[in-house]
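Student: Produce the complete structure using the sequences and hints provided.
Just so you know, the sequences run in chain order H and Y. Per the working numbering, residue 1 is the first one in the first sequence, and the count goes up by one each step. Per the working numbering, residue 1 is the first one in the second sequence, and the count goes up by one each step.
Be careful, since some hints might not be right.
What the hints assert, rightly or not - Per the computed footprint, the stretches of chain Y lying under chain H, defined by three or more beta-carbons under 8 Å from a beta-carbon of chain H, are:
{"hint": "1", "segment": "29-38"}
{"hint": "2", "segment": "42-51"}
{"hint": "3", "segment": "70-76"}
Simulated from the structure, these hints should not be mistaken for lab results. The C-beta atom is built at its ideal place from N, Cα and C for all residues, glycine as well.
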Amino acid sequence: MASDAQLLIIGNGCAGTELAFSVRAGGWSGPITLIGDEPHEPYHRPPLSKAYLMGAVQQDALSLRGTAAYATAQITSLARHRAVAIHRGRAQVELEDGRHLAYDHLVLALGGRPRPLPFMVQLSGQAPRNLHYLRTHDDALAIRDSLRPNHCLVIIGAGYIGLEVAAAAIKSGMQVVVLEAGPRVLGRVVAAPVAAFYEALHRSAGVDIRTSVQVQSFESAEDGSITAVVCADGTRLRTDLVVAGIGLLPNAELAAQAGLDVDDGILVDAQLCTNDPAIMAIGDCARWFSPLYQRSVRVESVPNALEQARKVAALLCAKVPRIDAAPWFWSDQYDISLKTVGLSQGYDRLVIRGEPHAKDFSAFYLLGRRILAVDTVNRALEFNLCKPVIAQALEVDIEALADDSVPLKSIFATHAPAALALTPHSGS
Amino acid sequence: MPNAIFVLPDGERKNVQVAVGTHLMRAAVDHGIHEIVGDCGGSAACATCHVYVEEQWLHRLPAPSDTEDQLLEGTASPRQANSRLSCQLKMTDALDGIVVEVAPEQW
Numbered sequence: 001m002a003s004d005a006q007l008l009i010i011g012n013g014c015a016g017t018e019l020a021f022s023v024r025a026g027g028w029s030g031p032i033t034l035i036g037d038e039p040h041e042p043y044h045r046p047p048l049s050k051a052y053l054m055g056a057v058q059q060d061a062l063s064l065r066g067t068a069a070y071a072t073a074q075i076t077s078l079a080r081h082r083a084v085a086i087h088r089g090r091a092q093v094e095l096e097d098g099r100h101l102a103y104d105h106l107v108l109a110l111g112g113r114p115r116p117l118p119f120m121v122q123l124s125g126q127a128p129r130n131l132h133y134l135r136t137h138d139d140a141l142a143i144r145d146s147l148r149p150n151h152c153l154v155i156i157g158a159g160y161i162g163l164e165v166a167a168a169a170i171k172s173g174m175q176v177v178v179l180e181a182g183p184r185v186l187g188r189v190v191a192a193p194v195a196a197f198y199e200a201l202h203r204s205a206g207v208d209i210r211t212s213v214q215v216q217s218f219e220s221a222e223d224g225s226i227t228a229v230v231c232a233d234g235t236r237l238r239t240d241l242v243v244a245g246i247g248l249l250p251n252a253e254l255a256a257q258a259g260l261d262v263d264d265g266i267l268v269d270a271q272l273c274t275n276d277p278a279i280m281a282i283g284d285c286a287r288w289f290s291p292l293y294q295r296s297v298r299v300e301s302v303p304n305a306l307e308q309a310r311k312v313a314a315l316l317c318a319k320v321p322r323i324d325a326a327p328w329f330w331s332d333q334y335d336i337s338l339k340t341v342g343l344s345q346g347y348d349r350l351v352i353r354g355e356p357h358a359k360d361f362s363a364f365y366l367l368g369r370r371i372l373a374v375d376t377v378n379r380a381l382e383f384n385l386c387k388p389v390i391a392q393a394l395e396v397d398i399e400a401l402a403d404d405s406v407p408l409k410s411i412f413a414t415h416a417p418a419a420l421a422l423t424p425h426s427g428s
Numbered sequence: 001m002p003n004a005i006f007v008l009p010d011g012e013r014k015n016v017q018v019a020v021g022t023h024l025m026r027a028a029v030d031h032g033i034h035e036i037v038g039d040c041g042g043s044a045a046c047a048t049c050h051v052y053v054e055e056q057w058l059h060r061l062p063a064p065s066d067t068e069d070q071l072l073e074g075t076a077s078p079r080q081a082n083s084r085l086s087c088q089l090k091m092t093d094a095l096d097g098i099v100v101e102v103a104p105e106q107w
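Tutor: Encoded structure:
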């Protein structure tokens, strides 16, 4: 595309960075500027709660691209730059340092931030030095430096972040307690049998998991550091370190202040466009109407962020994007590789295929004969097979699903031949 | 430092120096080989760093893990006998000069 149009991307997480490179590879010839407010060049977040926390991955392996790649692709990467306002009338973004950057197309890849503990929000002053959330590289470094054998760690929230941190910490020899307000772990995302599997997994590793526990407050030392976690039932847990993982808040304020439509995320249409045709939004911060699920969704996952980045790259280069893939996600804990595809909300039947006790199973979330979503545990093959079936909302023989002696491939081949014929087909 | 040669889908050959112990996916991404995607950063989760290893080098590589083997069943370009995920291929002195063809479709 021979054009001098300026593309400005706010947010240099995986969505923004992938967009910058994909749009250039797709033929965008104008200037590309990528802004991020962290003091690091763009990096992979998923290892932060997994291998990086255990010291198994070094810092240089975190970077999304080598430094030279930005120059080669003629991408201006500005780390340590915070955007403070979007002036839509004159198509400029104002930075904290007072500079104004002009744009022809603006893409918001703002991500999200950890939801703060409710009882800490009202408190003023410095956050306790031994209370951590986990979103950024610096967060992970702070936690990693605090993992010491025989020290106590209390994790608040048994979502993916909390459980991954628990797995890493227990391997470091910490004494780990996980406190979950809901009745089971991973309550917002998986069905009861999958939750039970993960609870048993962590308990067998030595993690003390307590559900239906409301954390009420902290006890602190004179220097402000937390010495104990106090629960609503009066339980008091002495601790050296606290990590809270109770969800993500989308960074939508910049958009809202600029008059863009926002509702738990920046609202975009099927082309990822906001109510301003010059401004798009992608990744954790974007909410859109999913044709596949026929409802408004906001998906917090790396593959979704990358998918949307590539879609926007295609659209900006006046190419036809590929058909949307089903959202997917992965989590590594101990020797367990969970890969999940689809969104399970609204399912009316659950089918377990395989053997949870053998750490080898899949959980299918069904609505009628349609697979809405599947959690695969150490079954990457079934994950792969399910991706197109779920993305195309195909109907399958759900009775056969439960029979692990019948290969999934043959079940899908019989009842959904279109699924296996249609492998994802698009250039990167 | 040993070299790896990436043959891109358009036929271009890119010679890249790879430190011993570094995975080929990492080296490709660091050198701006956009044709190798590496969505998951090397966690063996996504199968977007698919390469075809030139025959003569194949037997010098450790066999794929069960996870890699399963992921290779779902690659965007068809799996062949010499298919590997480059995030699982660690450079060694013995692999100096290895030639891998980058699969044309990665996602």
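Student: Determine for every hint whether it applies to the structure shown.
Tutor: Structure-based check of each hint:
1. 29-38: holds (count 7)
2. 42-51: This one holds; 7 residues, not fewer than the three required, reach chain H with a Cβ under 8 Å.
3. 70-76: holds (count 5)
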